[in-house]
Amino acid sequence: MTTTNTIYEALVKIAGKDCVSTSKEERYFYARDGGLMPAHEPDFVVLPKTTEEVQEVVRLANKEKIPIVPAGAGLALTGLVIPQKGGILLDMKRMDKILEVNEKARYVIVEGGTTQGALKSYLQKHHPHLRHSIPDAPPSATVVANAVIHGQGRLAHQHGFNSDMVSGLEVVLPTGEICRIGSCSVSSYWFSKGAPLPDLSGLFLGWFGTTGIITKLGLKLYPCKKMRDVMVFLADNAELVPEILLKLSHTEMVEDVVISAQPLPLRFRGTFWIMVYLTGDSDEELEFKQKMVWNALWDYFQSRDVGVLSTSPEAKAPLLSMPSKDTTRFADVAKGGGFQYAGPITPIEKFPTFIRKLEEVANKYNVFYGSTTRLIGSGHCMMFSFSFSFNRANPDEMARAKKALDECSKFALEEGAVLWKADMDEQRMLMEKMDPNTLALMKKIKQLLDPNGIMNPGNWEMR
Amino acid sequence: MQQKYVSQIHRCFRCGYCKFPTDYSSFNCPPYRRFRFETYSTGGRLWLIYAWLKGEIQWSEHLAEILYTCTTCKNCAEQCPMKFAPDIIDWIVGARSDMVEKGRIPPRVARFFEAVQGYGNPFKLLRTDRAAWANGTKLFTAGDEFLLYVGCLGSYDEHGQKMAKSLIEVLRALNVSFGIMGNDEECCGNEVYMLGEIGLFQSMAEKNVQKFKELGVKKVVTLCPHGYNTLKNNYPGLDEGFKVYHYTELLAELVQRKKVKLSQQKIRVTYQDPCFLGRYNNVYDEPRLALKSIPGLELVEMERNRKDAFCCGGGSGNFVMDLLAGGEDTPARVRIKEAYATGADILAVACPGCMTMLTDAAKTENLETKLAIKDISQILKESLL
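Chains as they are written, first to last, in the numbering used here: chain P, 1 to 463; chain L, 464 to 848.
Don't read these hints as lab results, they were simulated from the structure.
Remember, it's a predicted structure, so these values are computed and weren't measured experimentally.
Cβ atoms here follow ideal geometry from the backbone N, Cα and C, with glycine treated the same way.
Some hints here could point you the wrong way.
[To be verified] 25 Å max Cα-Cα, derived DMTMM-like pairs, lysine to aspartate or glutamate:
{"hint": "1", "chain 1": "P", "residue 1": "K225", "chain 2": "P", "residue 2": "D281"}
{"hint": "2", "chain 1": "L", "residue 1": "K517", "chain 2": "P", "residue 2": "D396"}
{"hint": "3", "chain 1": "L", "residue 1": "K770", "chain 2": "P", "residue 2": "D326"}
{"hint": "4", "chain 1": "P", "residue 1": "K226", "chain 2": "L", "residue 2": "E766"}
{"hint": "5", "chain 1": "P", "residue 1": "K97", "chain 2": "L", "residue 2": "D486"}
{"hint": "6", "chain 1": "P", "residue 1": "K17", "chain 2": "L", "residue 2": "E528"}
{"hint": "7", "chain 1": "P", "residue 1": "K24", "chain 2": "L", "residue 2": "E564"}
{"hint": "8", "chain 1": "P", "residue 1": "K125", "chain 2": "L", "residue 2": "E761"}
{"hint": "9", "chain 1": "P", "residue 1": "K24", "chain 2": "L", "residue 2": "D792"}
{"hint": "10", "chain 1": "P", "residue 1": "K13", "chain 2": "P", "residue 2": "E64"}
{"hint": "11", "chain 1": "P", "residue 1": "K13", "chain 2": "L", "residue 2": "D792"}
{"hint": "12", "chain 1": "P", "residue 1": "K120", "chain 2": "L", "residue 2": "E766"}
{"hint": "13", "chain 1": "P", "residue 1": "K120", "chain 2": "L", "residue 2": "E764"}
{"hint": "14", "chain 1": "P", "residue 1": "K226", "chain 2": "L", "residue 2": "D486"}
{"hint": "15", "chain 1": "L", "residue 1": "K628", "chain 2": "L", "residue 2": "E845"}
{"hint": "16", "chain 1": "P", "residue 1": "K125", "chain 2": "P", "residue 2": "D283"}
{"hint": "17", "chain 1": "P", "residue 1": "K125", "chain 2": "L", "residue 2": "E541"}
{"hint": "18", "chain 1": "P", "residue 1": "K49", "chain 2": "L", "residue 2": "E791"}
{"hint": "19", "chain 1": "P", "residue 1": "K325", "chain 2": "L", "residue 2": "E766"}
{"hint": "20", "chain 1": "P", "residue 1": "K335", "chain 2": "L", "residue 2": "D550"}
{"hint": "21", "chain 1": "P", "residue 1": "K125", "chain 2": "L", "residue 2": "D486"}
[What the hints assert, rightly or not] Looking from chain P toward chain L, a few residues come up when the C-beta cut is under 8 Å (computed):
{"hint": "22", "residue": "G34"}
{"hint": "23", "residue": "R94"}
{"hint": "24", "residue": "K120"}
{"hint": "25", "residue": "P139"}
{"hint": "26", "residue": "F339"}
If we strip away everything but chain L, and leave its shape as in the complex, we get (with noise of 0.2 Å):
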């Protein structure tokens, strides 16, 4: 990954549809957005990366922060018209791993790979604790269907809990057959992949994988669409016919298949498309069946939406770090206002990150009770006869 973005990183022309989303209504990167110094985006972060490589600039903080504010939320490879488009995210994260290398990284990123390192999670919380929200839940065992992959934020952060929870719930009246990890499970580390700490990634992966292969785990569902990203599509070493499905895609399953009887609600929902669900793995649809199964909700979009959607900031590791901090026009905020602008009573979330950065946002925009923020599985709960 590396060679290949020092030898292509100066293709970029810095034409700036980077910073769009399709229609062009406002800018869509989202430390841009919240910065607004051209070096904040994707063009920006291009250029001074190459003169960095070349020796024009020399490390600063400045220019790591400028690197590490990147959510990779993946709308510049999205909006890109150039080829090499879809190589846009390896090759910050490619510039990445050579800060991690050289150890030049944001004091604040450090903590974070330490954090995940020491403690298996970024919050510097007990491995013995991970499971302590669980309360009983059955661990799975040989002949389970599907291991549910909590990860970090279900496990310690207090909205990600209630989400596993109420996802619990709803799978148990399903009659899924599951089981947690409880304990043992590890940080998925979706995040130190894409802060740049490829060598600890690896390490995390393959004791992951290892894990999955002493349970004999066939099929995985997650919580957290970063976990499902980088199960499904960067982890080494697993089965051929391992299955890896975020929590939305097997309701949405469940609900098309009828196995499931849910209450009349007259409840107006917009939706936020996490990007690790939908631009990394074009998972639109399926948390939209979920919603629209329940009778009399209305589903409202906000003007961004679906691959157009605007990040929550919450990206990178950001959820915990976050680098976008500060003002109005921070991403969560911004989206916020956007999301109650529909006139919608809730905004369903399915990613436990955005979960928390539109709760804080919400708050901090006296939002919080003029507009719920729901997971779609607590949604699902509530309606459940």
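This is chain P alone, in the form it adopts within the complex (with noise of 0.2 Å):
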């Protein structure tokens, strides 16, 4: 029988005795993430620091079945790191390296634990006329774990979803083998993560580590024009929301388009704050974008149901940056350190419908709550999230936060939403909605892929 230490003692000949820890005090550190979803401890914490160190751990957690679960900040907040059966966790961090930058191609190749910090800043000092898309997330999310997700951020309307913009992988299977995906499989270049192949990196991304383990990964990059700014307009009518994003969207000038509310202060309560992202090379093309934002919102004007907010350059600055500390802040607005969102991706229309049960739940709960929408695509989705802050000393609250989460996911589905990055309760709904025979084709892969059931059980978990 293979005993813990035996397992240990193999780890510790991959990555190094400094790499791999089976304290308390990483365990229970590992166990949890900031949001609500209960705490379970992993058995191993590894650092791998290479795709052959993350192969060699893959073989033994195949060859003993022992979960293992990759993991970049646990910042998705639903628990999608926790490792539910114990296990190896492999916190891939030092896995950090940007390897390549194809300018001409516009892509970029990093390590699968990069964080969104450091690629940002490489390509302000390396490549300055190069961006990628930035979430709102705070730096230490990894690029793949956005990915991983279908996270969105900076460029989300013009480009859509981070894993839209994934342009190669590689991957370790859960069985061992390291195996590219896109072009990358066939040529040097990693410009596309599919076509004209068929497109493998379906299997990987959105499965939340349960079918491999990213460990590089292509990125699209796009032209980072030299100014940016900000418009805020200002609403308080939901109902016209919708008609207002189409109409931005329809300018095709917008980089981003991002709606906040929030109860608190009380002069933000009722009002919408709609804030359109614009950029340009020169004073000419911008003013070109901002005329052009400034009449598809004309009549608005004239009916005075959308207002322009005056903002200095300073007021601005906090609103321009990426990402966005303000996101961050949330947590604290319970005073509590706790923060978790369900954040449907449903069609804009419902924005009024989500909003008003937004602030039916959190009274119904007595919860802090905010929301902020993202306009992905051309107008073909949106991202909505409900957003409760809570105290993390304050059990009750917790309880209350998590209560009202579901009730807003449950609502979301039955409103025709597909939930983000959801957690282990909300992946349940999803499969039981789910026409059966997809659900049929995903187990079918699953099993093809993971035939031990080693990558991050609990997740995706079809019975």
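With the hints as a guide, bring both chains together as one complex.
See the structure below:
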């Protein structure tokens, strides 16, 4: 029989003594995230440095049938990297090299633990005319994690989900093979994750690490204009918001559109902040785009349904910062270090219904709330967040926040939304509602790739 | 302090901003950079302390080690986006203080306290040898403008002594009226405070304050930023009007008043901001002014500088205990390579702790013949006409 000690020694042989822990302290920390899902400890925490080390750990786990959970910064907040069945937690953040930037094909190849912050900084310094889509998550979020959860960030309006921006993958399969996905499987270039080949990236993106471990990722880069600005509009009629979003999208001038709603301070209650981000290489270009946006909303100004918030450069600075520290500050609204949100992906017509539900549920459970909505694609859908901040020192408040989240998720699903980075409860809801043949296909894929069920068990677990 | 940390510490969201410099280019938290488990980041530390307070984890040597590898460099407080950011160091010190009161601290920390209490310095060297390096340097007497507070590293450490001697030569050349306390000087207590032995710190501070009063000291200039910080911010009962300077502040003032004539030097210099001078006391310009006063000196900055400077790893007594030792990711080894990458001939320091840590790292990295490490007074001394 293989003992814990034997596994530990094998892991030390692979990654080195300094990079393997079975201590209570590491097991405690990696057992939880900043959200509301129950904690569960890993047995081992390992910090791999290379693809080969990941491969060896996976082979060991597969042979011994030990669960293995690849983790970035754990900032999904929905417990996706909580090791539900123990085993090995792989903290990927030592694999942090930026391996290549191809300026002419506009992509970057990063290792599996590279942070969003490091990539942003690297591009600003070495390739200032290129940028990537930066989410509002803190800078410690990893590029791979954002792709795996179908995250969204700046440029979402123009280019869609972060997973749409992937241009190639290197994956360690649950059985230990190293596999390349996309153009990089036949070429030294990482410009496409699929086309014109069958797009196998779908076997890994959105699966939360249950089908393999991404050790390298190609990511599309986009032009970084010299100037960036934000226009802030105020509206108080939620019914008009979908139409406003479509009109803004119709201009094809906008980098990003974000709508913020929060009840506190009181002056914000009942008002939606519509933030329209623009870029340009010259004053002329920026002014032209501003004019186009202005024209698109002109009728609303006339009817006084939409107002303009005059903002100083100082007031704009936090709105323009990437990532946005204000998003993180929401975690301290309840002065308690806790924050979780349900973020359904939904047609934009649902905005009024969802905002009403958010207020209703927040009142019902007496919890702090807020919402951020991001337009994805040219009005094809949006991410609407039902966000709740809670005090970690107040179990009752945490329980109420969890109930509020569950109710919002259930409601969103009933309204036709698809739950984003779903926690295990939400995954169950999704699978219950899913077309049975689709679910059966997912099950076949999972069984084929991970015959021993070692990869992040508990997630996407199909009965 | 303790009550405050107990009631507030759960507010950390573990977002991880604390690990970065402003531009997110690298990891700027020394123990996280060294160990890379999340537990060694500020967020990890705060979550573990909260778990310990709630009884979800028990005290262990590993927990204490995680807590004590924090160099209190204050990068976390600088970067944390939350309103409680200014309190983070107090929370860490508060938790350490709890461990001290319970007698549950790492052996190296316990030895540090024993040495300071018994010998007045963390090296367990004789009090009667404290001024052995000084070679007749004048003791402070009534009428002197400044007391030069040398500190433990300046008194006992080979590199610190060199710094003290250079500074004294420069002060003499500039006709500054000063004296030292000789063997009557006691440890400043900054590290003892940061390590959570608040009772010991208070008694040390009271002793020093009493001596300052007996001697009639009105102005202190310190060799070490750690002493500068604690005298300026933590010492109780000092008279109104009592002023504390770091030596780089004094030198900057003197060179600006053209009190000094300096020779042309064709040298390229980069500068290590000490945490207790920079992030703790916002002294960034003065050391640079002093350096730039030397004709021909070219100052080149490391990528991480000023409030984003990467700590040498010596804070919170680690210049003695070295809880972050081992491997190429030790902060001082990372930092010395960054200094070398600037193409500088000299790495200028303004802290004897940085001097010790970075000099050792230069040896380990085989950079000692390629990059000289000198303190600012030494660089000025070599330029004096």
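Take the C-alpha atoms of P/K120 and L/E766, compute the straight-line distance between them, and say whether it is at most 25 Å. holds, 15 Å
Pairwise hint evaluation, P/D326 against L/K770, where the allowed Cα distance is 25 Å at most: holds, 21 Å
Going straight from one Cα to the other, do P/K125 and P/D283 come out at no more than 25 Å? Since the Cα atoms of P/K125 and P/D283 sit roughly 23 Å apart, the hinted pair holds (cutoff 25 Å).
For the pair supplied as a hint, P/K24 and L/D792, confirm whether the alpha-carbon distance does not exceed 25 Å. holds, 24 Å
Just to be careful, I want the Cα atoms of P/K24 and L/E564 compared with a cutoff of 25 Å; is the pair within it? Given pair P/K24, L/E564 holds - Cα atoms ~23 Å apart, limit 25 Å.
Let me know if the C-beta of P/K120 comes in closer than 8 Å to any C-beta of chain L, holds or violated. holds, 6 Å
Restraint: P/R94 near chain L, CB-CB cut 8 Å. Satisfied or not? holds, 6 Å
Quick check on the hint: P/G34 CB to chain L CB, less than 8 Å? Given a least distance of 5 Å, the restraint on P/G34 holds.
Below or equal to 25 Å on CA atoms is what counts here, so check P/K97 against L/D486. The hint holds at about 17 Å.
Restraint check for P/K125 with L/E541, where alpha carbons must lie at most 25 Å apart: holds, 22 Å
Need the status of pair P/K335, L/D550: alpha-carbon distance at most 25 Å? Satisfied, since the Cα-Cα distance of roughly 14 Å is no more than 25 Å.
Given the hinted pair P/K225 and P/D281, is their Cα-Cα distance within 25 Å? The given pair, whose Cα atoms are some 5 Å apart, holds under the 25 Å limit.
This entry satisfies every hint, going by the numbered hints stated previously.
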